[in-house]
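These protein sequence lines are chains A and B, in that order.
Quick note on numbering: full-length UniProt numbering labels position 516 of the first sequence as 516, and the sequence is numbered without any gaps.
Quick note on numbering: full-length UniProt numbering labels position 299 of the second sequence as 299, and the sequence is numbered without any gaps.
No lab work stands behind these hints: they were computed from the structure.
Glycine included, C-beta positions come from ideal geometry on N, C-alpha and C.
Each hint should be verified, as a subset may be incorrect.
[Stated by the list, open to error] For each label pair, taking beta carbons as the anchor points, the in silico distance ranges come out as: (1) Arg297(A) / Ala213(B): 40 to 48 Å; (2) Arg204(A) / Glu500(B): 44 to 52 Å; (3) Asp400(A) / Thr452(B): 39 to 47 Å.
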Amino acid sequence: MNPTQRNSRRVSPPLLPVAGDKTKGCNIANKQTGTTPRAPNPNPNPNPSFFPPTSEIRGVVLRLGASLCGSPYPLSAPLPAPLPCLLLSFFFCRLYLSSVFFCLFVSSSSRKMPAFAVVAEEEHEENDATDLLHQSCFVLHGGGTAPKEEEVQQASLPMILEDELQCCGMWRMQAFNIVWGRLETLAQATLEEQNEESYKEIVRWVCNRQFCDAQQQLYRSAGFTAIHAIQQQESGGIFKKGPHMVGSFEKQLHTGFLFLGGVDLSDHENTFKGLATYLREHKCHVARLLPCDLPVRCHIGVPLSSLLRQFVQVNVETTDMEILAAWYAEPSNSGHPVVITIENVERCNSAILAELIVLLSEWSAEIPIVLVMGVATTADFLQGCLPSHALARLNAQRFDLKTPLERLEAVVKAVLVESFSAFEIGHGVAQFITHFFLRHDLTISSFIRSLKVVCMEHFCNEPLSFLSEQLLKCRSQVELENQCATLPTDLLQLAEGLPSVKRHFSRSGAEEEDGNVCISKHVAARLWTLREQKQLWSMALLCVYEVGRHAGLRFLDLFCEALHTTLSSSSEIEKVPAESFLSSNLPQRMTSCGSSRGWQELKLKIREMSVPILRSLLEEWKKITSNSTKLHSEISAVYNKIMGEEKLEHPTQSHMATSRVGATQALPTVVLQTPDQPENGSHLGQQYLVPCQALPLHEIICFKDVTLLKQAITADTRQKVELDMLGSQLNLQCECCSPDGALSGSMHDTCLVYHLSQEHGELINVHDWYQSFTAICCPPKASSDKQMSKRKDRRKGKRGRVEAESPTVLVDSTTLQARFTRATMELQLVGLLRMPKKGCPDFAQRVVLG
Amino acid sequence: MSSLFVELESGLGSSGVLTRSRATVSPKKPLDAIISDLSDVAALRRRTTSPCREVVAAAEMRSPPFLGRSVKRTLGREEGNIATGGERQCPPSSRWNSQARILKYMTELFPGRTSEIGELLSILGEACDCIPPLLLYGAAATGKTSIVCEIVRVLGRPHAYASCRTCHNPRLLFESILNQLVGHIRSAANNYASVRRCERLPDFIEHLPGACAEAMSCQKSIAPVSAPDKLQAEKPKEMVYLVIDNVELMRDWSGGMMLLAALFKLSELTRLPYLGLLFISRVGPDGIQACVTSREPLPLYFRDYNDSELAQILLLQQPNAELYASFLSAVLKTFSRACRRVTELSRSLEPLFQIYCEPILRGAAVGPDDQGKRQRYGLLQPHIRPALSQTLIIGGSTPDEQGSAGRRGRRKGHTKKTQFGGRDANELGFELPMSSKYLLLAAYIASRNAPTLDASLFDSGEGARSGGRRKRKSGALAVEKKEAEAQKRQLRGPGSFPLERMLAIFRCIVVEHDDRHPNSLSHLLPSETSQQTEEAAAAAGGDLTEELTADVLMQVTTLVSVNLLYKNSTNPLERLTRYCCNIDSELIQKIARSVNFPLSKYLLGG
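Generate coordinates for the entire structure from the input sequences, incorporating the hints supplied.
And the structure:
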């Protein structure tokens with residue numbers, strides 16, 4: 001075995017096909033593998049990234065078996081079974097968003113995965129061939145601790161422009177923190193508000209239950225009091241009340257089913273926490289049981305011990321309900337209902353849950369236990385999984401949380417419409433996010449996360465984005481002007497050079513004035529317009545939504561449509577929308593058609609409205625527009641007109657008709673100005689429903705790059721691994737391999753083996769596979785020698801082979817076998833291959849997805 | 001030799017026959033001697049099991065007539081003694097008097113259980129009557145536990161009650177019994193600890209005599225010097241009862257059968273002849289016959305209630321007995337055929353009664369006569385069938401107030417619920433993302449169709465539909481046969497499938513379905529349907545038709561976690577993970593409807 005090759009084996013990380021053999025000429029940058037202990041990094045090329053350094057990343061060691069080396073068919077050896085395909089894909093999902101980092105592949109093209117790394121470590125340095133496989137692979141995942149507060153304050157975002165000032169990065173970071181903090185708190189507050197109603201209802205119910213129970217007990221025991229009294233005399237009343245009270249043959253457990261509305265439960269981590277605190281505020285004892293307290297094949301003691309720990313807060317030796325009863329009997333605790341919340345009933349083991357329900361119901365006479373269960377699906381489903389004797393114990397009540405869609409609407413309304421946070425999203429981005437929400441996820445948490453991604457991307461890519469902080473802070477235009485005046489010249493020039501500004505200038509034909517003062521004034525004025533226009537826009541949108549609600553339109557759709565630039569612009573203003581729409585594909589165009597259609601429908605709807613509805617609508621509008629005097633006065637005028645006509649005389653049919661016509665002529669002009677009716681009160685629609693994207697300088701606060709967002713949000717499946725394996729030359733761009741994809745011995749083993757496996761069908765004959773591998777890896781002479789000798793072996797038998805072959809060939813074939821084995825094992829670990837089964841030991845199975 | 005016989009007889013008396021023990025054991029004989037005798041007897045019994053068993057069996061055979069007599073006697077004296085009321089002045093009659101009173105009280109409390117109560121009372125006998133271990137068994141909700149606990153409580157005997165449900169392991173059982181006997185009360189002061197740590201059976205046997213003695217002394221100190229005490233002082237000992245509930249659960253414990261066998265002969269193991277053991281179980285003696293050497297407990301069966309008894313019990317709790325009786329006469333027969341548990345019956349009858357009362361609450365002139373009854377039944381009839389299949393009744397979201405206003409509210413809530421019910425026929429009840437819906441559809445198709453069918457269904461989009469039509473044109477007989485097959489398949493339940501197959505089907509149906517959708521764009525109504533089409537149109541150009549993203553795979557885990565999909569192994573390293581669709585046809589139809597998916601075209605046989 002030649003020494004260079006041995007060396008190469010040592011440094012190549014076993015799971016990493018691309019970060020491969022340097023001796024073979026593959027000059028790959030081991031990106032971000034700063035922690036690689038032994039492997040020298042010949043070409044360090046650290047990508048700029050804002051991820052935590054990998055030194056924070058902890059490792060998990062997957063040790064690859066070393067005992068595989070000797071066996072001729074190592075694949076049939078007892079190995080760890082293949083990782084199922086899902087495992088990897090799940091790790092791959094949301095790599096960017098979640099903190100899970102799973103390293104398998106360094107995709108040199110993807111900027112989004114800089115933190116991927118594989119650390120190879122050798123345990124032994126011996127030259128022994130078997131030890132070459134004695135390597136460990138660290139599978140990395142995200143750093144555990146978040147950077148501290150001060151670090152965040154001092155940290156700066158990477159430079160965007162070459163000659164950007166150092167402080168700009170810091171400013172942008174600061175601005176991001178402020179803007180995002182504002183958005184996040186708004187979103188959280190909205191979500192809590194959404195849940196509050198359900199909480200109130202639950203608390204009211206819990207208190208009512210207690211009262212009802214007391215009443216019923218009184219009523220039931222009344223019939224027996226006479227006998228009771230005598231018995232009390234006779235027995236002296238010495239015995240403690242057992243769990244079975246007189247006359248209470250129904251051992252019912254009050255249960256509230258909290259229907260969560262969606263199957264994805266990542267939104268509801270805080271729901272139950274909030275419920276618990278809310279209940280505690282109302283003097284209830286609360287304990288939360290998580291699905292992990294009710295695992296599969298557990299004993300009833302597990303949930304009970306969790307309950308006791310939470311209620312009693314003393315370490316008790318046994319898990320006895322008597323302890324809970326004794327705890328409740330103490331004067332400080334008694335009198336308040338005991339609420340047990342079980343989150344996500346579907347995830348709990350139904351057998352143990354049934355047992356728990358029966359047990360708790362037995363004690364419900366002594367302890368006023370109330371159960372609150374979170375149900376993700378339907379009640380029918382519960383009926384299916386719980387046995388009837390447990391179901392019969394439940395005295396159930398239904399509570400509904402708001403559906404994910406409703407909550408998203410509320411969040412969007414609060415975060416993106418009603419408030420000004422100096423951060424907007426473009427039409428395409430809004431559409432992408434909502435579509436992603438509807439189609440793939442349906443969770444608010446993912447929506448907020450993608451909003452965060454968008455925000456981060458914006459502040460990373462827009463050099464002037466730090467201005468949004470000023471825009472947010474300043475209370476008046478003058479203040480903003482002062483702030484802008486302090487900006488360096490080149491930044492102001494940059495602002496002047498933004499495409500939206502250029503477009504406006506060319507259109508309005510205004511002459512460019514020189515002088516920083518003027519420019520800064522312009523910038524400030526335009527920024528201030530952005531801020532003011534946002535208010536008008538949101539007002540107009542809310543008004544439109546009032547109409548849309550009657551027409552059964554969803555807020556999200558209206559929101560997306562209202563962000564559309566072509567909507568507001570009549571034909572002469574803006575022919576070409578923002579550049580993102582140049583690349584607009586079919587769906588966007590279709591929805592834009594849909595939007596104008598929707599607008600038409602809305603107008604028709606207003607015409608069809610009856611007077612009372614119209615009146616209530618106008619009242620709503622008056623409320624909404626109370627901030628804007630102009631719009632308000634106009635609406636009031638229309639309102640008064642309608643009211644006056646109504647009051648004037650008893651409305652006959654004809655009068656109704658006339659009033660309606662009058663109103664409908666006025667109304668669409670107020671808000672719903674469309675390109676079709678420019679002559680009809682043209683100024684309003686243009687003035688009000690103008691999205692931020694249509695204004696100059698919107699780049700500073702508006703993010704509209706859909707492709708960036710897509711790249712960040714949608715994760716690739718394992719198919720990406722497959723494709724990268726096949727196109728390893730393109731990714732690595734090494735000199736040794738030909739870029740056209742011809743197979744050669746210089747390729748990484750795993751890639752080579754994978755290429756070869758493509759020649760087979762679903763089942764791969766391991767022997768053939770190995771033969772083709774040796775044919776490519778060995779120099780042709782040697783391989784032919786080997787095959788000759790192999791042929792000889794078959795005749796001679798196994799024993800004769802060892803004797804016949806010369807020692808050098810033997811070593812070579814052993815190494816080859818080892819390399820082949822390792823390559824197949826890596827394929828198996830990645831989930832591209834299944835090991836031979838018992839039925840057909842000669843065949844491995846290829847796993848194909850898609 | 002003759003002395004041994006006497007002892008044998010005495011031993012048997014204490015262990016098997018309840019009445020003769022007092023006759024044979026002389027009151028002057030010291031307790032220790034009796035105990036040693038007993039242990040000898042136990043040893044002897046072990047050696048000569050069969051004859052002793054015969055004796056015991058004979059004793060059991062003999063006991064019922066005697067019991068019957070005692071009950072009769074008790075009943076006979078009842079009328080005379082209740083009027084006097086001064087039990088304490090006349091000791092000999094007070095006993096019978098109290099027995100009769102207790103029987104009366106108990107039968108009043110537990111209607112339909114007269115024979116069981118009488119039997120139990122006579123077995124328990126006097127405070128110092130030794131009893132064999134008793135096994136009370138019967139179906140759920142037949143009053144076993146309530147009756148035993150109430151009798152023991154009313155009799156005023158020292159006892160301890162432990163349920164194997166609450167005490168889910170031996171330690172808790174032992175400690176709970178000891179705590180109750182000693183009168184130990186857990187509190188924060190003693191860190192909620194029990195009186196003694198007692199983990200194993202030997203510990204329990206060691207501590208039990210002391211606890212029993214304490215229980216007795218405690219009993220005496222609380223109920224001091226009543227009139228018959230002079231007699232009692234000369235009696236050997238009073239009984240202490242251990243009531244152990246839900247014994248059948250003990251079989252699932254590790255070593256539970258052995259423990260059960262040991263508990264059956266606890267009085268011998270602890271050498272306490274005055275230990276009364278009452279076991280309550282849903283399973284009869286055959287089910288908990290532990291091992292050959294175990295002592296057979298005396299069985300006492302609690303039969304199910306019959307209809308009239310059920311009506312009696314259900315009436316107990318009702319304020320308006322007359323109305324409820326007429327209601328019961330209308331529905332009880334139907335319901336009692338399905339379920340005889342009082343608890344479940346009363347629950348499921350409650351909403352029906354609300355409906356029954358509705359015309360009266362409304363103030364409609366519905367008389368109590370036959371015509372009114374018929375009228376009300378007519379109102380009730382459509383609700384009976386759905387109520388029969390409903391085990392989980394969930395109240396509406398609006399909590400009701402007390403009184404008539406509350407009732408009105410409830411009615412309102414009910415109508416609202418029916419409205420919701422009407423809408424529920426089309427709605428899911430929970431929201432799913434589009435990809436999840438398609439995944440579930442794919443999973444359903446994969447679990448209902450044979451894998452060999454996939455190629456013909458999905459290889460070409462047209463082939464499936466035309467093929468389906470061709471098949472449908474075949475003769476009536478074939479159609480019938482196919483229907484029968486489909487039914488059989490439905491009964492057989494869903495098949496399992498690998499993930500790859502489901503994803504392949506997913507892609508096929510998504511592509512095929514979304515291709516067809518733009519045609520339906522022509523509906524331009526400002527209603528929900530237009531929204532849907534718009535959405536679908538967006539979906540057509542959206543992500544779904546593109547490559548399978550990781551988000552789709554994420555959805556698979558989500559669906560697995562809420563049990564809509566079922567995975568046969570939780571081990572991620574296992575080779576072949578197979579999935580199973582856990583959805584009934586009703587729900588999947590709703591899902592299909594919500595995305596306008598022609599599901600029946602993809603299922604073999606519709």
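Consistency of the hints with the structure:
no.: 1; hint: Arg297(A) / Ala213(B): 40 to 48 Å; in the structure: holds (42 Å)
no.: 2; hint: Arg204(A) / Glu500(B): 44 to 52 Å; in the structure: holds (50 Å)
no.: 3; hint: Asp400(A) / Thr452(B): 39 to 47 Å; in the structure: holds (44 Å)
Violated hints are absent here; each numbered hint is respected by the structure.
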